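This is what each chain is made of:
Protein chains: 2
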Amino acid sequence: MVTTDIATRVWSHTFKLDPIVRSLLDTDFYKLLMQQMVLGLYPDVSATFQLINRTRTVRLAEEIDLDELRAQLDYARSLRFTKREMIWLAGNSFYGTSQIFRPDYLEWLADFSLPPYELKVVDGQFELTFEGPWTHTMMWEIPALAIVNEMRSRAALRRFKRFELDIAYARAKTKMWEKVERLRELPDLRLSDFGTRRRHSFLWQRWCVEALKEGLGDRLIGSSNVLLAMETDLEAIGTNAHELPMVIAALARNEAELRAAPYRVLEDWQSYYAGNLLIVLPDTFGTGAFLRAAPDWIADWTGFRPDSAPPIQGGEEIIAWWKSKGVDPRNRLLVFSDGLDSDTIEEVYRHFHGRVRMSFGWGTNLTNDFRAVAPEPSDGLKAISLVCKVVSAEGRPAVKLSDNSAKATGTQSEVQRYLRVFGEPEYGKRAVAV
Amino acid sequence: MVTTDIATRVWSHTFKLDPIVRSLLDTDFYKLLMQQMVLGLYPDVSATFQLINRTRTVRLAEEIDLDELRAQLDYARSLRFTKREMIWLAGNSFYGTSQIFRPDYLEWLADFSLPPYELKVVDGQFELTFEGPWTHTMMWEIPALAIVNEMRSRAALRRFKRFELDIAYARAKTKMWEKVERLRELPDLRLSDFGTRRRHSFLWQRWCVEALKEGLGDRLIGSSNVLLAMETDLEAIGTNAHELPMVIAALARNEAELRAAPYRVLEDWQSYYAGNLLIVLPDTFGTGAFLRAAPDWIADWTGFRPDSAPPIQGGEEIIAWWKSKGVDPRNRLLVFSDGLDSDTIEEVYRHFHGRVRMSFGWGTNLTNDFRAVAPEPSDGLKAISLVCKVVSAEGRPAVKLSDNSAKATGTQSEVQRYLRVFGEPEYGKRAVAV
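For the protein sequence lines, the chains are A and B, in the order given. 229 is the number that our numbering gives to position 195 of the first sequence; each next residue is one higher, with no gaps. 357 is the number that our numbering gives to position 323 of the second sequence; each next residue is one higher, with no gaps.
Because the hints were derived from the structure by calculation, they are not lab data. Take these hints with a grain of salt, some might be off.
If several chains are the same, the list does not tell them apart, and a pair holds so long as it fits within one copy or across any two.
[As the list claims (entries may be wrong)] Restricting the straight-line Cα-Cα distance to at most 30 Å, the calculated cross-link-like pairs of lysine-lysine (BS3-like) are:
1. Lys154 <-> Lys359
2. Lys50 <-> Lys463
3. Lys50 <-> Lys195
4. Lys416 <-> Lys50
5. Lys416 <-> Lys209
6. Lys247 <-> Lys357
These numbers come from a predicted model, not from an experiment.
Whole structure, please, built from the sequences with the hints as guidance.
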């Protein structure tokens, strides 16, 4: 007897919208950490964020329906933190520290919602912009990316037949599990899920996190996704992002302030957080420039996240810097997080094993590796390099140089000015896959 | 919101038994064809069937619980053909012929049930025997095999965790679909599912048949499984099996009757069936012996099923015989069905393409290829060479020589007598995987 659960079926068909982002906790943990600090120190600063599709060959507005995108964004705007989410944020300990979120911040958060957006289509791409107070616009980054990416997968999957879907997910699971089997060979691995922004879909990210939990045990140290961390009893993982130095640099009134901006951000951060949250993100204006001018106290921080540099060279550069400051790298942490896949994780792990503590934030290739899983070639399932970046603060253009000039953002004249101040990035231009 | 369908869950937990064989149609089509003929021509002959595990290293009685096996066999004995099954058998056309089953047979079938069995454990193996009228004992072959094989997979799967199951089926689907993608490259392929007896499980066989239907379209010509043929709107496929010449040979009163037995069976068959059902199974006592003494009228039959010979040599031998009889092989059919997998199907297809019509009956490696899909090595999922053979008729031992002496069955003295009459098999002894 084949039974159809009529109630479930009828209920499913009543949905006008299948919302992609269903909770304000469905975001990266670092956004909350940064938001608390921004609210405390820069409550009146305005900042504009914008969606940037670095994969120009993919014409997003031709794959995704504008009205459906509006409906998803509007649904996300209707969300508020729920009572149990607030209780979890207040009561949970993060990295062993209890009450990381201060009561005044949580009180403010209870009324928070995502601010308005502006959306239009220009030359086949979406121009999606968030203007307003930094405390608010910053929170669009992750939901906006997750929504656009999942709408793109949904559009591609709509062309699949029932059976092709079955095969595609079977293949994706098979592929993912092969990666897990490779990674479980690394005994001291410390890995976390950083895949929210580029995920194929929410449900797929959840499956991937559960697969890691099952396969890696406590070598999976957590997820950057706060909702998934809560639901699957994992640690929420994250620190800080480029937007902090980018905004502070944009606000600088002279060259001295601009030079000092990357370090001022760390001082701000230190006034809020300690221990495992003291991770330096050195590459906003080039890692070389950052290390050359870095004050000694930065060597006391827990570690670095060498993001856009090639991981082995970037790591070696930081290790050499620690040694020059008389610090033993074995007491310090490197967090790798840029474009990783199981093979690069393995390579970097083997390279540095025993010389420095390491952890890996695995993103796009964890939660959106659907290459070659469709029965027919399907470009719509290939992950693209989509970001949501701060483009200006208080009306002044924001700039990121990074260790890979293909990842530079900002107006051309401002990028030139920053290059004069900080110098050319040492690693040149490398293709950005994801 | 995660909803649990409480009604379904409670209902599932009320099952004392999850029956493996739930319909008397869950058998191979050739059993019905043969049963009709046996009922008509040999209604009073008794025949004993027995389960034979050719993979002696697998100690079945240590993997499968004796009481659970009894419960499954008893459940199968409780089955009767249902009204809609009888209507479908009576009203459907098979190979374009309507009313292949005569009204008197169908009337008899309406009251049919599986006869008693004897079951005990000897040296780690099940001794499972079916004694009684041939018309009844013959019908145990497929359900007995399907039950034992599925109980073995279930026992292996019981040790899997929730996640390991998910991965194992994802891998099995992925693997199966890769085979489909290879086979769809063969434009004139004619393939059918022959995988009932060795299947991993009923649900998995159904999935595999649906995968073939989706991937191969009308190159899938049908399934040997009558229930699946009915449920998925496919042609039921099958002809006749070794038990016919084995029983007739066992009944032979002298050497002349023994020599004539293989041809007498074909005369019997011809009196019941025509067209696509006129397929010779030549290898019961060796294909060479069969062809040497075969009367000319056999060259008028639609085709041959060279079962236990190596497919290319066996096919060539039959083609040469047709030519010696002045018959153009392009008007004849070869049905390959022994131990096939996608690579052997492709090889045989390419070898004979254009020279003879071909079809492929794909069995164990279609419905039970779980090699290397378990997260941990699991021998319990590896298909074994399990058969259910006629061992005696009217108390006289039955013998099969086959083209592969590893597949010979019968008492040693009788096998020797048959070898003197028919000669040594020409292809010698080859390992039997499945």
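Comparing the hints with the structure gives:
Taking CA atoms no more than 30 Å apart as the test, Lys154 paired with Lys359 passes in neither setting, with 50 Å inside one copy and 78 Å between copies. Taking the shortest Cα distances, Lys50 and Lys463 never come within 30 Å of each other, neither inside one copy (45 Å) nor across copies (66 Å). When the C-alpha separation of Lys50 and Lys195 is checked against a cutoff of 30 Å, the pair qualifies only within one copy, where the shortest distance is 22 Å, while the shortest distance between copies is 37 Å. Taking identical chains as interchangeable, the C-alpha atoms of Lys416 and Lys50 lie at most 30 Å apart only when both belong to the same chain, with a minimum of 27 Å there against 47 Å between chains.
When the C-alpha separation of Lys416 and Lys209 is checked against a cutoff of 30 Å, the pair qualifies both within a copy, at 15 Å, and between copies, at 22 Å. For a Cα distance limit of 30 Å, the shortest separation of Lys247 from Lys357 qualifies neither inside one copy, at 35 Å, nor across copies, at 65 Å.
In this structure, the earlier hints numbered 1, 2 and 6 are contradicted, and the remaining ones agree with it.
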